[in-house]
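K.L.:
Next come the chains, spelled out residue by residue.
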Amino acid sequence: MSHVKAFCPNCGAPVEFLWSSAVQTTCEFCKSILVRRDVSLERVGQVADLPPDVSPIQILTEGLYRGKSFQVVGRILYEYELGGWNEWHCVYNDGTSGWLSDAQAEYAVSFLVQPPAPLPPADRIARGGTFHWNGTLYQVTTITRARYVGVQGELPFEYWDKSAALFADLGTPDARFGAIDYTENPPLLFLGESVGFDSLKLKNLREFEGW
Amino acid sequence: MATPPQVKALACPNCGAGVQVRTYARTLNVVCVNCLTVLDASTPELQILQKFEGATRIRPLVPLGKRGKLESEAWENIGFQVREIVVDGVPYQWHEYLLFNPYKGYRYLTEYDGHWNDVKTLKSIPSPCTVSGKPAVQVLGRTYRHFQSAEATTVYVMGEFPWQVRVGDQVRVADYVAPPFMVSSETTADEVTWSIGEYTDGRRIFQAFELKEAPPAPRGVYANQPSPYAGRTKRAWTTWLFLNILLFALMFFFSIFTGNQVVLDKSYYFTTASKGEASFVTDVFELKGRISNVELTTSTDLDNDWAYFGFALVNEATGQGYDFGREVSCYYGRDSDGSWSEGGRNDSVVIPSVPPGRYYLRVEPEMQSDASGGGSADHRMNYRLQLRRDVPYNAFFWFAALLLLVPPVFTSLRRAGFETRRWNESDYAGGSSGGSDSSSSDD
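Chains as they are written, first to last, in my numbering: chain A, 1 to 211; chain B, 1 to 443.
Next comes chain A alone, as it looks inside the complex (with noise of 0.2 Å):
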């Protein structure tokens, strides 16, 4: 992971990068969303205040997947019914990168992927609904409706004029885990598994009083 050293367009205060290949990152200070254009940044807009935080993950929280240890460097803020949803953006030891998502404290790891389909549209998709990837049988196991919130730190793609977002998420006999995203053209496809909070070793933890 190199250091990339940059200065915010609009209050110049200095901007690090965790993982060289993100493309966009929010300042520290003054909150606004940058992406890089060339050598540049670029000031997209602003972060409005987060709500309260209720995930114990955070930005440089580090954790082992798969025998591959792994860092948050960024996230997206989402809300829908039960409440605040991160998906917290982890980069790997190998240059890689992926996601964690935490809602309701239910964790799943997954990794954007070419869908081995075609994804059906957002007004085709149903609960119930199956889908044979790869030997696997997914099933789509709950439709959100969520509301974008907001973002923080380093991602892998532009992510900042959003409103609503729909998302249908995938569920196996083995828990595996997937996501559809349709919050883009075509929609993103997600897969990756459900894990145990213990299984991956996180360290630097958000600590709760009392806890």
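The hints are simulated quantities; they were obtained by calculation from the structure and are not laboratory data. Among the hints, erroneous ones may be present.
Example chain B residues on the side facing chain A (calculated, C-beta under 7 Å, incomplete) [as the list claims (entries may be wrong)]: (1) 104; (2) 123; (3) 127; (4) 128; (5) 162; (6) 189; (7) 191; (8) 410.
Treat the numbers as computed from the prediction; the structure is a model and nothing was measured. Just so you know, even glycine gets a beta-carbon here, dropped at the ideal spot from N, CA and C.
Dock chain B against the given chain A, drawing on the hints supplied.
P.N.:
Below, chain B alone, put in the same frame as chain A:
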């Protein structure tokens, strides 16, 4: 990023009592412990969602706000609800405790009639299948047999919940069992959620939460209560198998190492026509070794006839004898019911504990005489006497084998009884659904 205080104290807009929100931002609804009003925890003014209209208050066995240790992890009891199903007009209620840990998330405890389950959300989707024609699901390498489906209604709520909760909420629940585990689905219009519970001793829960009183004693047999006979049945049969192997090894050992030596083998002829003294003595033979048994086998060619033998095994030196009589009879024929037969041509008897020494056998054969029977013809037979020293005595072993069967058969019956009681509470009560040997891995 602002870190919220973990516990937030507010006032109930309905009764003014203090309302604690322990998990802050994760909590969606909070129910005032004082007036049982359901409040919207996501609004600063705790908007009233539902007022309590019930008549009775229900006391949770694990108090709200109490923190306990399960598997050395701290869990706080934050929510309590009572849910009810109605089967054949009879309401059944169970209690549900919602436990929270800011890192590990949520976990549930359920209690019905003193039976506890430790429940977690299932992250895999069970696949439907059948077991002997009845519905079942498979997940994580186990097969769970369908136990009961019902409409569950929330009848009482207290504390805080990370979801919308109201008295009167209804979900369709289906339970599948593979003791000590149970997987359950809850279906609403919007989603299906699966959970997995493990049957647990109430004492473990009370210990975990450091509750002073004793947990209520469980009544009846619960859906996923592990059978106390499950392991025992298997153990009983394993022991039985082991003892049988031992027994047959012993039997084999004795059959090899017993002398089983023929000391007399002679054929004779007898007829009632001869008017002389029928009794005679054999040559002297030697019984060697330790005190042991002697087996006398009598083989005849009787044909629809009988014979009686008066025997005496006499010690030549002391004159001491073992007197015994044997009757051999062999009859057969045909009548309206078909062919029949009775008795046999051969006889065998074992004389136990005969000391070594020189012996002879006195034999006195006897058959139906013309005078007593009224038959015209003489009765006659050829017969052979065989005397063996130190024979293996297998009857003892067969009797022992039979005795050994008692404990495992008894345990198996007890186990079948337990399973019947379990399945009597299910949707399959009264049918042949029980099955004393569940095919799933319950041992």
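K.L.:
Are the hints correct? Go through all of them and say.
P.N.:
Okay, the hints, checked on the actual structure:
1. 104: Given a least distance of 5 Å, the restraint on residue 104 (chain B) holds.
2. 123: Hint holds; residue 123 (chain B) Cβ to chain A Cβ min 4 Å, cut 7 Å.
3. 127: holds, 5 Å
4. 128: violated, 10 Å
5. 162: Since chain A brings a Cβ to about 6 Å from residue 162 (chain B), closer than 7 Å, the hint holds.
6. 189: violated, 10 Å
7. 191: Holds: closest Cβ of chain A sits about 5 Å from residue 191 (chain B), inside 7 Å.
8. 410: violated, 40 Å
The earlier numbered hints that this structure contradicts are 4, 6 and 8.
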